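Residue numbers (the numbering used here), protein chains in the order written: chain C, 1 to 520; chain Z, 1001 to 1484.
To be clear, the hints were calculated from the coordinates, so they are not data collected in a lab.
The structure displayed is predicted, hence computed values, not measured ones.
There could be a bad hint or two in this list.
Computed, partial: chain Z to chain C, Cβ under 8 angstroms [said to hold, decoys possible]:
no.	residue
1	L1060
2	Y1100
3	E1102
4	P1387
5	P1388
6	N1404
7	F1433
8	D1436
9	V1438
10	L1477
Ideal Cβ placement from N, Cα and C applies to all residues, glycine included.
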Amino acid sequence: MTDSVLSLIVWSPLVASFIVVLLPGQALNVVRMTAFVLSLVPFGLSLAMLAMFDPSVGTLQLSEKVTWMPSLGVYYSLGVDGFSLWLIILTTFLTPVILLASWHDIEKRVKEFLFFMLLLEWGMLGALAAVDLFLFFMFWELMLFPMAFVIGIWGGPRRRYAAVKFVLYTMAGSALMIVAMLYVVLRHAGATGAYTFDVVSLYDTPLTYTEQVLCFAGFALPFMIKVPMVPLHTWLPDAHTEAPTGGSVDLAGVLLKMGAYGFVRFALPMFPAAAEDAFPLIMILGVIGIVYGAMVAFPQPDMKRLVAYSSVSHLGFVMLGLYAFNMAGITGGVLQMINHGLSTGALFIMVGYIYHRRHTRQIDEYGGLWSVVPIFSALFLVVTLSSIGLPGMNGFVGEFLILLGAFRAHPLAGGIGTLGVVLGAGYMLTMYQQVIFGPVKNAANKALVDLDWREIGAVAPIVLMFFWIGLYPDPFLSRIEPTTQVLLSRLSKAGATRYMADAGAGSSAVALASPGGARP
Amino acid sequence: MTGVAFGPAEWRAIAPFALVAIGGMAVLLYEVFAAERPPTARILWLSQIGLAAGLVATILLWGRNEAAFGGTFALDGIALFSNLVFLLAASLSLFMAQGYLEMIHVRAREFYPLVLFATSGMMIMGAARDLIVLFLGLEIMSVASYVLAGIHRRDPASGEASLKYFVLGAFATCFLLYGIAALYGATGATSYSGIAAGIPSAPRLALLGGLALLIVGLGFKAAAVPFHFWTPDVYQGAPSAVTALMAVGVKAAAFAGLARLFLSGLASLYVDWAMVVWWLAVLTMTVANVLAIAQRNVKRMLAYSSIAHAGYLLVAIVAGTPRGGAAVLFYLLTYAFMTLGAFGVVIALGASGDANEMIEDYQGLGDRRPLLAGAMVIFLLSLTGIPPLAGFVGKLYLIEAAVNAGYFWLSLAVVLNSVLAAYYYLAVVIAMFMRDPVKPVPAWERRPYLSFSLLVATVGTIYFGVFPSHALDFARLSFHSIVR
């Protein structure tokens, strides 16, 4: 199984989606249960992958490579390293959670919903596991449409607008990527005679500085749209607000990570010199994103929109970390992708729970929920604290490492970033306080029913992960670090050293940040 | 032309198109001499046999690379590969017309032989290595399609389409003829090899004038902006099965002829025509895509979309390399599957007395007829250029040819246009899946021929997206043989 575990993980959701479609459609709970059980298969397989993963190796492993289109140099090529490992597991982990959490959210066209969710999982997993540019691009586009369908069919009142905006933004970005991609492939073929879309081979394509800048722009733009970085973020609040809970969780949990992941997998190692010179741009946009996202989140009357803007802010942190170009920053950035997926995913699920009961997300419709639904309130508190990075929980570890790295790379950027942490606590706690504390102002809230076992069960595994990463992040960090090391040495080999602090000092910083204590 | 022997090579060269033409005549005669009016299904199958004979000949001759009739007629990869596209278009159009023609009360049986004659004309165009032969093929194809466009006699729109197509087509033919005359005057030859040999010593003015006139004439048939004004009206007015044939077959024939002429006979004038075709390409795709966004009628929208695809194809011609030619051929194949499929869905929705062509008519289709809507999504996404569908690989190959030839900005224009196009293709998807029906979706009646055509189109659209290698290799070999 070692040589095909990635294929099994990637393709099992597709098989599952077709099984679900072929089920008779009347018994909704049977269909839901089947989809849920089938979605546990890729999760189980990804745990097996985790067991097979060799933490000491930083390069791609568990690789598979089969010739697919020989005349184009396209391979069906999969692989996993420290960057994609946890994102793959996050994806397979979130899908069953989503299916469980949104059990009763969708009452019309249930089968189609489950079909699209599983199809979406397939696309996301494929994009994370692909190490061939063509294959990556295929999955990158493939995950777009299930998401658009989920938003457009089951979304809120402005769902069609949001779906179209989402598709067009992403396509505009990927249009540029495809030209840049072909250019690199052709340059590589011209230099070596070998026609290939294999990413690792393309890392060493000889490009002039101008070519690097143009191609980097072609790759960075779609990724920046996906992250999303200000000012390319305007699709996100709409998509998030209109999407049903399940769509929002996948969107926040995994889809946004594709942008940041694209940077570490493609844009940075392929065009190191241009990537390095983009440092001021990305740093400035990242910092603006952190502060702007937080400022805009503050006054939002709609809980979901507030969380959506908080995503803009949090993803700004991730980019800040990745662009610190040092051990702490990049490792923290990659870990923060996971953290954000867990925290924001859980936030959307909690908002979804309360929306399902009251059919409104307006903050001023609520208040005093603690006395009515204590279990919900307590869970919501844990999730909120995780999102603002309380020490002992996951968000703290990631943010700490990122800020550590950022300070080393550029103290001012780190300083403003820290401001974002404060603001984050501000808007999240304000929202929490308005919704949960105080007297019950609205009579409609008096009869709210507290969470049932299914709803608690869906969020419980995420909460468990909050504390695991928060208290003992070592298993996570130790698998990311070797890959960070590989990326850093590639960058420094290419001369991208201007902003790099020394990598050795980074590791000790990681040890410092992990309250788990001593590192092997 | 005297002294040309009619040997085995000549027989082989004419075999594919001659068999199709003979099939057409046989169908015609059968209808005349049959004791009683034969059922349409029998006529259909007889016509399909004629097309199949052409297909068998094409397959048996596969891999040959020779010239006949003193080098004016080619039997090579380009001719054989494009034959596949023409035969596919003709065969699926015939299948899709079955039942559809009765529904719109067209009883004219000449539909079947005319499709076959048009097809044989296309096949001549794909094989032409001489301007006169090219003209011959073009006229055989055009005359048949003028009649086909107006075959729905009781529908004024169909009559208008036919007349418009005829008058403007005749006008364009004049341009083509003047172009041929000018080139003949300048180089003393009509064969591509003769023209290529005569170009160095020919007077520039006559050469460039001839070139310009040729571009106008062929640009009309290929429906390139600014020679496209007939296209939306004709495509919309003609019966949908005929539109499918025109959008795929006629366009493919124009491009097969264009590619061979520009990449072999006029290759040494590359610097002169490249810039013109560059602008044609950019104008064609941009104007068509912008206009398509405004359309509410799906059939008309598909007409504009087919113009836009002509623009993409021109990009590969601009590249001027064997790679570009191969990209044209491969794109035509992928384009055939997805476009035929999309028109097939338009036909499937049409009901007696109500064509159901407006975008509102597609609302709720995803819920009521999920398979049909699903097939439409596949065709539309392929037309947009979404992997892993055929349209994506085709477009990738076009862009690759352009980037490889150094046309960076042109390739950027293609991809940005794809985003523009995504908007109106998506509008149909949104109507089908994300809006509630405004009127009852017509019930599905059993139409096995149409279902079969849609199945073939769907399978082709997916297959050539996932496994394009063989077809790509064939296309590439085809052009390496003619361009040195």
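Results for each hint:
no. : hint  : result
1   : L1060 : violated (25 angstroms)
2   : Y1100 : violated (30 angstroms)
3   : E1102 : violated (34 angstroms)
4   : P1387 : holds (4 angstroms)
5   : P1388 : holds (5 angstroms)
6   : N1404 : holds (6 angstroms)
7   : F1433 : holds (6 angstroms)
8   : D1436 : violated (11 angstroms)
9   : V1438 : violated (15 angstroms)
10  : L1477 : violated (10 angstroms)
The structure fails to meet hints 1, 2, 3, 8, 9, 10 from the earlier list, while all remaining hints are met.
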